[in-house]
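S.K.: Sequence:
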Amino acid sequence: MQSQTRQDYGDDPLAVRDSEKYQEEYIDGFVDKWDELIDWDGRASAEGHFFIEKLRERGAKKVLDVATGTGFHSVQLIEAGFEVTSADGSPVMLAKAFENARKRGHILRTIHADWRWLNQSVHDLYDAVICLGNSFTHLHEEVDRRKALAEFYATLKHDGVLILDQRNYDALLDHEVQPTHNYYYCGDSVRAEPEHVDDSLARFKYSFQDGAVYHLNMFPLRKTYVQRLMKEVGFQRVDTYGDFQETYRETEPDFFIHLAEKAYLGGNG
1 MQSQTRQDYG DDPLAVRDSE KYQEEYIDGF VDKWDELIDW DGRASAEGHF FIEKLRERGA
61 KKVLDVATGT GFHSVQLIEA GFEVTSADGS PVMLAKAFEN ARKRGHILRT IHADWRWLNQ
121 SVHDLYDAVI CLGNSFTHLH EEVDRRKALA EFYATLKHDG VLILDQRNYD ALLDHEVQPT
181 HNYYYCGDSV RAEPEHVDDS LARFKYSFQD GAVYHLNMFP LRKTYVQRLM KEVGFQRVDT
241 YGDFQETYRE TEPDFFIHLA EKAYLGGNG
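Just so we're aligned: 22 in the UniProt record's numbering is position 22 of the sequence shown, and the numbers increase by one with no gaps anywhere.
These aren't lab readings, by the way, just hints derived from the structure by calculation.
Treat the hints with care, since some could be wrong.
Using 27 Å as the maximum straight-line C-alpha spacing, the simulated DSSO-like pairs for lysine-lysine come out as follows [what the hints assert, rightly or not]:
1) LYS157 x LYS62
2) LYS61 x LYS262
3) LYS157 x LYS54
4) LYS21 x LYS157
5) LYS33 x LYS205
6) LYS33 x LYS147
7) LYS205 x LYS231
8) LYS54 x LYS223
9) LYS61 x LYS205
10) LYS205 x LYS54
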């Protein structure tokens, strides 16, 4: 695959609402700067041990990270003693994750996989699947979201759990925050802001200190919509948290984190 040197959204960037687009959005230059955006130390401080604690509470040992990105959560979980398999739809991201992990003394077990056909590439069952970093928002079609959730469900053991996070798009769609709001997990040298928001598109602009600018076109997921989809594909119980410890704003969390349990509850579940 020939690497791209610039993002291309054509003549009308707001018309690009395609689940395959993320493959082209994560070009080498953007991926190389992604860790400036994430800021591993800052993010580790913000999240604390939230995910580690939730996984341990459920006795999880074997985890599939389906949105590996540059490897932050995979490395965090490996260092906490979990057995981790790292998957992503972007080969550029996976290569960066492998490099980041190796610098920290770890060898990632990586799988390049599209969520919609996850089980064609993943041939194992897991105690937990994690889909973090607002990644689920890359799917623009409901049929794709349903298919991906069904694939996550299928790769979980009978009592497994899916942990999926998302931005609080409700606050953006309902105009409860200013569109220039900076989300808290960004590095100090990066500005991330929604450039356009409507019911089916959130276009974010990422501006770096050296003048580089990149974009992501994502679907603005409402919290109750995601909860409903999870239950409709078979998850029995969905608990949703606002942020990890403390909210950035007093009134609205930046992120929602859904914990969806597969364990069958029986007739009254």
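S.K.: Hint by hint, say whether it matches the structure.
M.R.: Here is what the structure says about each hint:
no., hint, in the structure
1, LYS157 x LYS62, "holds (10 Å)"
2, LYS61 x LYS262, "holds (16 Å)"
3, LYS157 x LYS54, "holds (17 Å)"
4, LYS21 x LYS157, "violated (31 Å)"
5, LYS33 x LYS205, "holds (14 Å)"
6, LYS33 x LYS147, "violated (31 Å)"
7, LYS205 x LYS231, "violated (32 Å)"
8, LYS54 x LYS223, "holds (20 Å)"
9, LYS61 x LYS205, "violated (37 Å)"
10, LYS205 x LYS54, "violated (32 Å)"
Violated hints, listed in ascending order, are 4, 6, 7, 9, 10; each of the other numbered hints is respected by the structure.
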